[in-house]
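Please model the complete structure; the sequences and the hints are all you need to start from.
Residues 1346 to 1746 in my numbering are what the sequence shown lists, from first letter to last.
Just so you know, these hints were derived from the structure itself, not from any lab. Check before you lean on any hint, since a few could be wrong.
Computed spacing ranges between beta-carbons, pair by pair [claimed, not checked]:
| no. | residue 1 | residue 2 | range |
| --- | --- | --- | --- |
| 1 | S1621 | D1709 | 14 to 24 Å |
| 2 | E1462 | Q1717 | 26 to 36 Å |
| 3 | D1453 | T1701 | 41 to 51 Å |
Treat the numbers as computed from the prediction; the structure is a model and nothing was measured. Ideal Cβ positions, reconstructed from N, Cα and C, are used throughout, including at glycine.
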Amino acid sequence: MALIIQKFGGTSVANIDRIKKIVPIIKAEIAKNNQVIVVVSAMAGVTNQLVTLCNEVSSLNNISQFAEYDVALSSGEIVTASLLALALQEEDIKARSFLAWQLPILTDNNHSKALVESITTDLLEKYLQLNTVPIIAGFQGTNKSNRLTTLGRGGSDTTAALIAAAMKADRCDIYTDVEGIFTADPRIIPNAKKIKEIDFLEMLELASSGAKVLHHRAVELVMRYKIDMRVLSTFSPNTEGTLITSKDKNMENGIINSITSNKNLLKISVKSISLSFLQVANMITQNNNHIEFMQEIKNNEEYSFITNLTDKNNLQALLTNLKDDKQIQDFTFDTEIATISLIGYRIKNDCKLLETILSKLTKDNINVNMIQLSEVKITLLINDQYAEKTIFNLYNLFKIS
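Here it is as structure tokens:
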């Protein structure tokens, strides 16, 4: 008997008809004599609606307001969990919903971007022994003050991976609206190939570079705890998806296996005489803000940082306060940027790969503003208007398959 975590995303539970259609998927896993724990997202579009409502009534510029913001946003997953439990019960499958505070899933105090500190599994173990399917509302946690928190966008993936780790699950299955991980975005590259099996590290680089199928925090967790993960389509449940696992690769050859882009970025330019580069960077990374790139220019008095666009409101408030306090002279935001990431093996040490890429972009009159290298990834920062063109040209240049 295996323990399988199944996570269903927003498009998979977008309406009652779709919720009913995932019941056979859960039922099929139970029929294999496996135990199943399900994690659900909010119905597609619901979280965005809740964000809009919150923005209509609040400026969201202090901790108290963000605490209430989390209460509102977490309600979408609560509705889905209860509806799925009802749908399973209607098919004579014992099921019950669980909210974060009931387990509990304990987090820190960073509202809207909380990090999980611990999960108590006693209730889950109890109900599994009673042959009951636990349905967990994803995306949410609770802090030591008994306030609801949320884990940030993509948080339901993270919930599923955390539950898999805490329960020592045999596998974590992520059900979405695509049939797996592809070598490129099929909307840009129609002949992009589905990847049958991918290494944890390569998937982590893809997820952190803009591939929207999985959140990078979820990949980090299953990699750390060595739990296989599958990406599958809710709408083609019998189609083989992509397995994310540990793989041995020939690290002697520089090979590019996939390409992705990210436009959800914000460039911050800061002018400061009194604060050092590292001091500004430390302030930006408060409240779990993540820096993708950073650069010090112009006699150590002007600094550039690339962060997630979703952090814009938090950073606007932070930098405005610093400017009012005369700790910085000025700051500007630029959203017309994108990263292009090529993922594979032995990339960092293969000088010819980077030379080939830059030569091609020069011929295409595309300016590269920054370059970031790792063992398995090359990331280029460019103007966002050239993102699709760059992906298309580099995909064909390297014949990625």
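**Message:** Within 14 to 24 Å: is that where the Cβ-Cβ distance between S1621 and D1709 falls?
**Reply:** For S1621 and D1709 the Cβ distance comes to about 38 Å; the hint is violated.
**Hint check for T1701 and D1453 - Cβ pair distance inside 41 to 51 Å** = Given a distance of about 44 Å, which is inside 41 to 51 Å, the answer is holds.
**C-beta pair E1462, Q1717: status relative to the range 26 to 36 Å that was hinted** = At 30 Å between Cβs, range holds.
Checked against the numbered hints above, the structure breaks only hint 1 and satisfies the rest.
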